[in-house]
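Hey, can you work out the whole structure from these sequences and the hints?
The listed protein sequences derive, respectively, from chains B and U.
Heads up: the first sequence at position 200 corresponds to 200 in UniProt numbering, and the numbers run straight through without jumps.
Heads up: the second sequence at position 297 corresponds to 297 in UniProt numbering, and the numbers run straight through without jumps.
If you are wondering where the hints come from, they were derived from the structure by calculation, not from laboratory data.
Check before you lean on any hint, since a few could be wrong.
[As the list claims (entries may be wrong)] Partner residues aside, some chain B positions facing chain U, computed with beta carbon under 7 Å:
(1) Ala325
(2) Pro366
(3) Gln370
(4) Tyr422
(5) Ala423
Since we're looking at a predicted model, the values are computed, not measured.
The beta carbon of each residue, even a glycine, is placed where N, CA and C say it ideally should be.
Protein chains: 2
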Amino acid sequence: MTERLLVIGGDAAGMSAASRAKRRRPSLDVVAFERGEHTSFAACGIPYVLGGDIASTEELVARSPAEHAEHGIDVKMRTEAIELDTAGSRVKVRELDTGTERWEAYDRLMVGTGASPLRPPIDGIDAPNVHGVQHLDAVPPLLEEAERSSGTNVVLIGAGYIGVELAEAFAKRGANVTMLEAGDQAILRLPADLAEDLRAGIENIGVQLKTNESVQAIGSDHVSTSEGAYPADLVVLGLGVRPNTSLAEDAGMKLGPAGGIVTDDRQQTSIAGVYAAGDCCVARHRISGELAYVPLGTTANRQGRVAGTNLGGGDARFPGILGTAVLKLCGVEIGMTGLNLAEALDAGFDAVANTITSSTTAGYYPTSEQVRVTMVAERGTGRLLGCFIVGGAGSAKRIDTAATALWNEMTAEALAEVDLSYAPPFSPVWDPISIAARQVAEAT
Amino acid sequence: MTERLLVIGGDAAGMSAASRAKRRRPSLDVVAFERGEHTSFAACGIPYVLGGDIASTEELVARSPAEHAEHGIDVKMRTEAIELDTAGSRVKVRELDTGTERWEAYDRLMVGTGASPLRPPIDGIDAPNVHGVQHLDAVPPLLEEAERSSGTNVVLIGAGYIGVELAEAFAKRGANVTMLEAGDQAILRLPADLAEDLRAGIENIGVQLKTNESVQAIGSDHVSTSEGAYPADLVVLGLGVRPNTSLAEDAGMKLGPAGGIVTDDRQQTSIAGVYAAGDCCVARHRISGELAYVPLGTTANRQGRVAGTNLGGGDARFPGILGTAVLKLCGVEIGMTGLNLAEALDAGFDAVANTITSSTTAGYYPTSEQVRVTMVAERGTGRLLGCFIVGGAGSAKRIDTAATALWNEMTAEALAEVDLSYAPPFSPVWDPISIAARQVAEAT
Numbered sequence: 001m002t003e004r005l006l007v008i009g010g011d012a013a014g015m016s017a018a019s020r021a022k023r024r025r026p027s028l029d030v031v032a033f034e035r036g037e038h039t040s041f042a043a044c045g046i047p048y049v050l051g052g053d054i055a056s057t058e059e060l061v062a063r064s065p066a067e068h069a070e071h072g073i074d075v076k077m078r079t080e081a082i083e084l085d086t087a088g089s090r091v092k093v094r095e096l097d098t099g100t101e102r103w104e105a106y107d108r109l110m111v112g113t114g115a116s117p118l119r120p121p122i123d124g125i126d127a128p129n130v131h132g133v134q135h136l137d138a139v140p141p142l143l144e145e146a147e148r149s150s151g152t153n154v155v156l157i158g159a160g161y162i163g164v165e166l167a168e169a170f171a172k173r174g175a176n177v178t179m180l181e182a183g184d185q186a187i188l189r190l191p192a193d194l195a196e197d198l199r200a201g202i203e204n205i206g207v208q209l210k211t212n213e214s215v216q217a218i219g220s221d222h223v224s225t226s227e228g229a230y231p232a233d234l235v236v237l238g239l240g241v242r243p244n245t246s247l248a249e250d251a252g253m254k255l256g257p258a259g260g261i262v263t264d265d266r267q268q269t270s271i272a273g274v275y276a277a278g279d280c281c282v283a284r285h286r287i288s289g290e291l292a293y294v295p296l297g298t299t300a301n302r303q304g305r306v307a308g309t310n311l312g313g314g315d316a317r318f319p320g321i322l323g324t325a326v327l328k329l330c331g332v333e334i335g336m337t338g339l340n341l342a343e344a345l346d347a348g349f350d351a352v353a354n355t356i357t358s359s360t361t362a363g364y365y366p367t368s369e370q371v372r373v374t375m376v377a378e379r380g381t382g383r384l385l386g387c388f389i390v391g392g393a394g395s396a397k398r399i400d401t402a403a404t405a406l407w408n409e410m411t412a413e414a415l416a417e418v419d420l421s422y423a424p425p426f427s428p429v430w431d432p433i434s435i436a437a438r439q440v441a442e443a444t
Numbered sequence: 001m002t003e004r005l006l007v008i009g010g011d012a013a014g015m016s017a018a019s020r021a022k023r024r025r026p027s028l029d030v031v032a033f034e035r036g037e038h039t040s041f042a043a044c045g046i047p048y049v050l051g052g053d054i055a056s057t058e059e060l061v062a063r064s065p066a067e068h069a070e071h072g073i074d075v076k077m078r079t080e081a082i083e084l085d086t087a088g089s090r091v092k093v094r095e096l097d098t099g100t101e102r103w104e105a106y107d108r109l110m111v112g113t114g115a116s117p118l119r120p121p122i123d124g125i126d127a128p129n130v131h132g133v134q135h136l137d138a139v140p141p142l143l144e145e146a147e148r149s150s151g152t153n154v155v156l157i158g159a160g161y162i163g164v165e166l167a168e169a170f171a172k173r174g175a176n177v178t179m180l181e182a183g184d185q186a187i188l189r190l191p192a193d194l195a196e197d198l199r200a201g202i203e204n205i206g207v208q209l210k211t212n213e214s215v216q217a218i219g220s221d222h223v224s225t226s227e228g229a230y231p232a233d234l235v236v237l238g239l240g241v242r243p244n245t246s247l248a249e250d251a252g253m254k255l256g257p258a259g260g261i262v263t264d265d266r267q268q269t270s271i272a273g274v275y276a277a278g279d280c281c282v283a284r285h286r287i288s289g290e291l292a293y294v295p296l297g298t299t300a301n302r303q304g305r306v307a308g309t310n311l312g313g314g315d316a317r318f319p320g321i322l323g324t325a326v327l328k329l330c331g332v333e334i335g336m337t338g339l340n341l342a343e344a345l346d347a348g349f350d351a352v353a354n355t356i357t358s359s360t361t362a363g364y365y366p367t368s369e370q371v372r373v374t375m376v377a378e379r380g381t382g383r384l385l386g387c388f389i390v391g392g393a394g395s396a397k398r399i400d401t402a403a404t405a406l407w408n409e410m411t412a413e414a415l416a417e418v419d420l421s422y423a424p425p426f427s428p429v430w431d432p433i434s435i436a437a438r439q440v441a442e443a444t
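Next comes the structure, spelled out in C-alpha cells:
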C-alpha cells in the first residue's frame, strides 16, 4: 500500500524533507500544507528586497508550488494545520480562504513550522505601524513603507542581525533610522572589541545605534525607552524569533531551549513517526554538547535533508551545529562559529580568548582592509572553541576554515600549522586565521 | 661561549629562521649573507609593481637590513656565499662590490638560497631582451620596459602562474601580449574544464594564449615556435623556477625531486647542524606522502620558522604541505589544494574527480558570479584528495576550507556535513564546497 507523508510548512525545512523523501522513495504520497502564499523561499534575502538591491520577492522563491508539483509533491497553499492527533495519525487542516476544515490521515509526519518574530508584551506593539519580518507574505506592505520612507523616522527595535540588516535597508531608502538595543552592543554574540568595529560601520551609514535602552512603549508617532523618546513614523521589530510550536506542544512533543522541538539525531521527535526540522527545532551544539536554539537557513536545509532521507526509508544522522554564520552589515563583514568566551565559560570550559588585527590582503596591496579575528580556546588542551571575524571585504568567509577546524576538534596550534593559501590580493603571507590560531595557542 | 649562526640568503626562509632563532635564543650571534640589494621581500608582489597597481618595489620589503639589525641580526648585503666547507664548519663568502673573499666560521648553518627562473637551453635565451623575474633586483630594468611597453609586442614564455601574472601586468600597460605554452592549457595543475574558464579570462583582457607550442628560438624581434613566429620587442620568461642548490650539491647534501634539498621534518639537511628551508628545498606532501618540489612563499615562511625554532634550541616539526595556492589572474580567481586527478592516480590512489557549477553568492544577489569546483576523492574510502576552484570574486579563498578538510584527512562525505556559513552576499544556502563534496562523495 502507498504510504502517505504529510508535511506541515512549505519553507526550507519542510520542503527539503519532502523533496528528499520523494526522491528516495518515489512511491511515497507526499502532501504539504502551507498557510502562506509561497513555498521554499529565501527569507534571508528579504532585507535586500526592502533595501532595493533585489527587484522583487519573486526572486527569493527557490521552488514554487507548481515546481514542487512537477516533482510529485502536492502542496496545499493557504492551508493551515490547526490540530495534531498523533494517536489517530491525522492532522486537522483549515483552508484559509474558505474556512473549510478537515482531517488528513498520515503514515509519517514532517513538522517544519518555522519561527515568528518575537513580539514582547510592550504597550503598543500590536499597532498597525509596527512591523515584524519573517515570512515573504509580510514583505509587500513593508516594501511599500520602505519605498516611501525617505526623510521619515524609522525605529528598529533590536540590533540582532535581522535588526541591523533592516536598519541598513531603510537607511539606503533615505530614512532617518534609529536602532534601539537593550544590550550593550549590536550582535550580542560578538566579542566586545569586534562589536566596536561594527558600531563604526553602523554609524558610518548614518544609523543611530542606542544601546542599553529598553523599549517601554510604542506610540503612534514615537517609541519611548528608559532613556527618552524617539520620533517614529514606522517601527520595525528585529528582536529575533521564537519557534512556532503550538501544534507540537499541544500534541505533547518534547520541547527544549527557547521552546524549540527536541528531536533525536535522525530528526525524529519524541513522538514516533513524527519528524521535525528547521527553525521550529533545537539542535545539538558540537562544542558545548548541549541543545541550543540557533535558527538558521543552513541548519533548516541540513536538518530537512536528514529528515527527508529517513522519511524516505534511509538512515541519515544530523551531526550537530557550530552556529556558523556570516553577515554583511553596513559595509562590515562578520563571521562567527562556535562559542564566544562567555558561552565557553558557561559551558564549563577553562577558556581564554585573544584578538588579533591583520589585513584582508597583503598590506601593500591596493584593496587592503583591516580584519580582526578573535579566537577562543581551552587552557591545557589548547582545543579551539570558537572564532569571530570582523573586517573589510574578503574577511568573513574565512570563518569556514575555522568552522572546519572546530568540526575536527583541532587545537589552535594545529590550525596554525595548516597549509592555507596566500597571494597578495587575498591575504598576508600568514593568513589572519593562522595568526589568530598561533596567538591564542600561546595564551593557552 | 656564544654560538654563531650563519644564514645564507636574506629572503623569506632565511630571515624567518634568523629572526625566530634570535628571538628564542637572544645570545645567539646571527649573521646573514645576501647577495642582492634587499632582504625579506615579497616576490609575489612583483607582478603588481610591473602592472602599476603598486607604486614601488620598496613597498614589497617586509623588513630592511636596518630593521633586521635592530632585532640583532647582522645582514651582510651584496655578499655571496660561494663555497661551503661543512667538515670545517665554515662558509667562503665574496663581497660583490670589492671582490674580497674570506671564510666565515659557524656553529650552525641555515641555507635559504631560494630559486631562480628556469632558462632552458633555447637559442637566444640569453639575449638582453629576454627577462626572468624572481628577485627584486631584477625588477627596475623590467619596470622601465613595462612602463614604455604600450603598443609594443611582448611575448611571455610559459603560462604558469608567474607567466599569467606577468602577461596581465603587461596587458595593463597596453602591450600586445602573446603567451606561449608547451602544454595544453595555462596553469597545468588545473583540471582541464576549469582551465577553460581561465582561458576565457586571459583572452578577455586581450592576451593571446597559444598552447601546445614549444619555443624553438628567440630572435632579436621575434620568437619562433613549432607552429610559427611571433613578433617580440620584449621576451619574459614564466617557465617556473629551479632551486639554487649548487653550494648544497657541492657540499654533498642529499637532493630530491627537481634537485631540491632534502631535509628531515626539523628542516635539518643530510649534514648535521646544517638546516635549510624555502624555495631551495623539497617538502613532504601530506596526501601523496612523497617528497615534492612546490616552491611557495607560505612554505618558505613556515619552514623557515621551524628551522629557526630548532636553531634556537627548540623542537619544531614541519608538518608537510598540501600545495595550497590562490591566484587572481585576469579577473578570474583560482584556488588549489591537494592532488588533481592525474596526480592522485600517479600517487597510487583509486581516485575519481567531479566538477560542479555553483555561484559565489545567492543566485538572486546582485554580485553573483559563477564558481566551479572540482574535487578529487578516493573510491572505497571516500577520502578527499584534492580541490580546485575557478570563479568570480569571492571564489578562491574557499580553498582554505578544503585545505583544512584535507589536513584532517576528512572524507568528502564528512566535509559535506560541516556547518559552513551562509548569507546571500557570500554563498548559496549550500556552499559550493558543500555541494562539491556531496557530489564527489556520491561518485566514490
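Of the hints stated earlier, which fail here? The structure conflicts with hint 3 only, although it agrees with all the remaining ones.
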